[in-house]
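K.L.:
Residue strings, one per chain:
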Amino acid sequence: MSFIVQTKNLTRRFGDKTSVNRVDLEVPLGSIYGFLGPNGAGKTTTLKMLLGLLRPTAGEIKIFGKMMPEERRAILRHTGSLVESPSYYGHLSGYKNLKIFSDLLGLSSKSVLEILDLVRLSKHADRPVKEYSLGMKQRLGIAMALIHKPKLLILDEPTNGLDPAGIQEIRNLIKELPTLYDSTVLISSHLLSEVEQIATHVGIIHHGQLIFQDQMDILQQHRSPVMYVELEHPEEAYQTLLGKGWRVDIENRSLSIPVTSSKERARLFQDLQPFSILSVQEKKKSLEEIFIKWTGMGNSL
Amino acid sequence: MLQLYKLEFAKVQWSVIFLLIALDTVINSGLGAMYMESFKEIFSPSWYQLYNQSQSFHTLFFYPLYAGIFASLICYYEHKNNVWKQLLSLPISKSHLYLAKFGMLMTLMALVQIAFFFAYIITGWIIQPPGRIAWGQLTSYAFLGWLSIFPLCALQLWISQKVKGFGKSLVLNISLVLPNLIVTGMVYYIAAWFPFSLPFFAMSPKAGVAHPFDPISFWFIVAFTTLLYLVLGWRIFIRREWG
Ligand SMILES: Nc1ncnc2c1ncn2[C@@H]1O[C@H](COP(=O)(O)OP(=O)(O)OP(=O)(O)O)[C@@H](O)[C@H]1O
Ligand SMILES: [Mg+2]
Numbered sequence: 002m003s004f005i006v007q008t009k010n011l012t013r014r015f016g017d018k019t020s021v022n023r024v025d026l027e028v029p030l031g032s033i034y035g036f037l038g039p040n041g042a043g044k045t046t047t048l049k050m051l052l053g054l055l056r057p058t059a060g061e062i063k064i065f066g067k068m069m070p071e072e073r074r075a076i077l078r079h080t081g082s083l084v085e086s087p088s089y090y091g092h093l094s095g096y097k098n099l100k101i102f103s104d105l106l107g108l109s110s111k112s113v114l115e116i117l118d119l120v121r122l123s124k125h126a127d128r129p130v131k132e133y134s135l136g137m138k139q140r141l142g143i144a145m146a147l148i149h150k151p152k153l154l155i156l157d158e159p160t161n162g163l164d165p166a167g168i169q170e171i172r173n174l175i176k177e178l179p180t181l182y183d184s185t186v187l188i189s190s191h192l193l194s195e196v197e198q199i200a201t202h203v204g205i206i207h208h209g210q211l212i213f214q215d216q217m218d219i220l221q222q223h224r225s226p227v228m229y230v231e232l233e234h235p236e237e238a239y240q241t242l243l244g245k246g247w248r249v250d251i252e253n254r255s256l257s258i259p260v261t262s263s264k265e266r267a268r269l270f271q272d273l274q275p276f277s278i279l280s281v282q283e284k285k286k287s288l289e290e291i292f293i294k295w296t297g298m299g300n301s302l
Numbered sequence: 011m012l013q014l015y016k017l018e019f020a021k022v023q024w025s026v027i028f029l030l031i032a033l034d035t036v037i038n039s040g041l042g043a044m045y046m047e048s049f050k051e052i053f054s055p056s057w058y059q060l061y062n063q064s065q066s067f068h069t070l071f072f073y074p075l076y077a078g079i080f081a082s083l084i085c086y087y088e089h090k091n092n093v094w095k096q097l098l099s100l101p102i103s104k105s106h107l108y109l110a111k112f113g114m115l116m117t118l119m120a121l122v123q124i125a126f127f128f129a130y131i132i133t134g135w136i137i138q139p140p141g142r143i144a145w146g147q148l149t150s151y152a153f154l155g156w157l158s159i160f161p162l163c164a165l166q167l168w169i170s171q172k173v174k175g176f177g178k179s180l181v182l183n184i185s186l187v188l189p190n191l192i193v194t195g196m197v198y199y200i201a202a203w204f205p206f207s208l209p210f211f212a213m214s215p216k217a218g219v220a221h222p223f224d225p226i227s228f229w230f231i232v233a234f235t236t237l238l239y240l241v242l243g244w245r246i247f248i249r250r251e252w253g
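As given, the protein sequences belong to chains A and B, one line each in that order.
Each residue of the first sequence is one higher than the one before, starting from 2 at the first, in my numbering.
Each residue of the second sequence is one higher than the one before, starting from 11 at the first, in my numbering.
Just so you know, the hints here were simulated from the structure itself, not pulled from any lab data.
Idealized CB from N, CA, C, for every residue including glycine.
A few of these clues could be false.
[What the hints assert, rightly or not] Here are the computed distance ranges between Cβ atoms for each label pair:
#, chain 1, residue 1, chain 2, residue 2, range
1, A, Asp17, B, Pro101, 29 to 37 Å
2, A, Ser109, B, Ala120, 26 to 34 Å
3, B, Arg250, A, Glu115, 31 to 39 Å
4, B, Glu251, A, Leu114, 32 to 40 Å
5, A, Lys67, B, Val36, 53 to 61 Å
[Unchecked claim] Which residues of chain A face chain B? A few of them, derived with a C-beta cut under 10 Å, are:
#, residue
6, Ser3
7, Leu52
8, Thr80
9, Glu85
10, Pro87
11, Gly91
12, Ala126
13, Val130
14, Leu269
15, Gln271
Hey, can you work out the whole structure from these sequences and the hints?
P.N.:
The structure is reproduced here in structure tokens:
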């Protein structure tokens, strides 16, 4: 198995605060790697170290098998990035901004037009970027990251400030990248739902420590279905189920009960028979809930 | 490196640069012509006198001040939306970036200098003072004046990569330039360590009048401080983190 990004013991302290703690990141070739964690978990700090913008306190970074920061320029030649808020020259047009970056990368003007088209900014190419909306700036940032068709794309919360349509669009774009440019994508987010549909691999960082890292499928297996049952007499049903040892929650007029097998499901219906069922819904536990369970956080991710 | 230098040209706001250059030339040529007129009883008007009267504000105030303003201007665009972060995520050399910025700063200072001397000649051509233009002398003032601003530019670039606010650095610059009248009154080998005072010694006919002046040790200090500030600023720049 070859890893495009591999860190060993990666650690970063700010004063006496350890923001990234002995992280062994492994991003496989051709994957879309969702790097997840709540606010302040250390995502941005980790990504900045990968780009050589911050120095690790300890540990090592290998990208394309090369060492960062020793081989910084060789690595960056094939890396595109958008970290935190997009950077831009506000007084220059979107086109000029991209032209500057394409010149520095030794690309042709054609690549600027292509990328403008890809992120759908062609119409606004000649307006100064300071007049752009947040979403347009974000697109420009993504264009800067993609302009040289990088082998590795590092995106830090790239859907910040985008509307639902924009989010969907960027998601589709990211999904295509491995086939379009042969890229590996490392994308951070504090929302599992955001990468759930696109990521092939997941790493979860919490308080600077990597608490989970595996294929998305493995994470999916941690999800068990929950039955949502609406009843005429929810209170009575609730008491009865509790009495029979079910893990049950009540909300408004409906009960929620996790079930692990179809046998259990049948037994549940039997126990609920006397309470006239109005409706039944089966939902899989969202990744958010797993995430909350693991990280021991409340709703305030 | 050349690409980075070109980039500086592409992104700088030339309107601001030209406005500042115009201010320097118009004010100083105007003052020069005016002073020459008011002091004509004491100093008889001539091309030389016109230069003498025009250069004092330029050398003591405008030229060193502009070094600071332009230095913060060429870092301002990167500070503004943290473009540093994006630039340094590109496969470019940090040293080249720093040197390109220094090159840009020196280019702008050369433009200021050229504009100033050009304006002087135009003013003279309008007034038609007696005597001849001392071309050789003039060229050497222009060139040496530009050389003498190197240490200050190196120092200002060092400061500008750190100081984010344009207003803050403007206040700093003005307060550093103001004591120039006093500093330039000192012996050159003390004054030369204050980089703001150097253009006066390099460009003013008044330099070396009050105190003896040794060009060799003067230019030695200029070269030494240029290297010192440039290397220190560069070291800090390449070691910096861009969080
Ligand atoms: N320059 C800095 N100086 C001091 N502490 C810092 C610095 N940068 C980050 N930190 C701290 O490191 C921790 C991790 O921050 P980081 O920005 O990496 O989190 P994050 O996972 O990106 O969070 P978010 O989802 O909010 O972007 C935080 O506690 C933060 O306060
Ligand atoms: Mg972050």
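K.L.:
Hint by hint, which ones does the structure fall short of?
P.N.:
6, 12, 14 and 15
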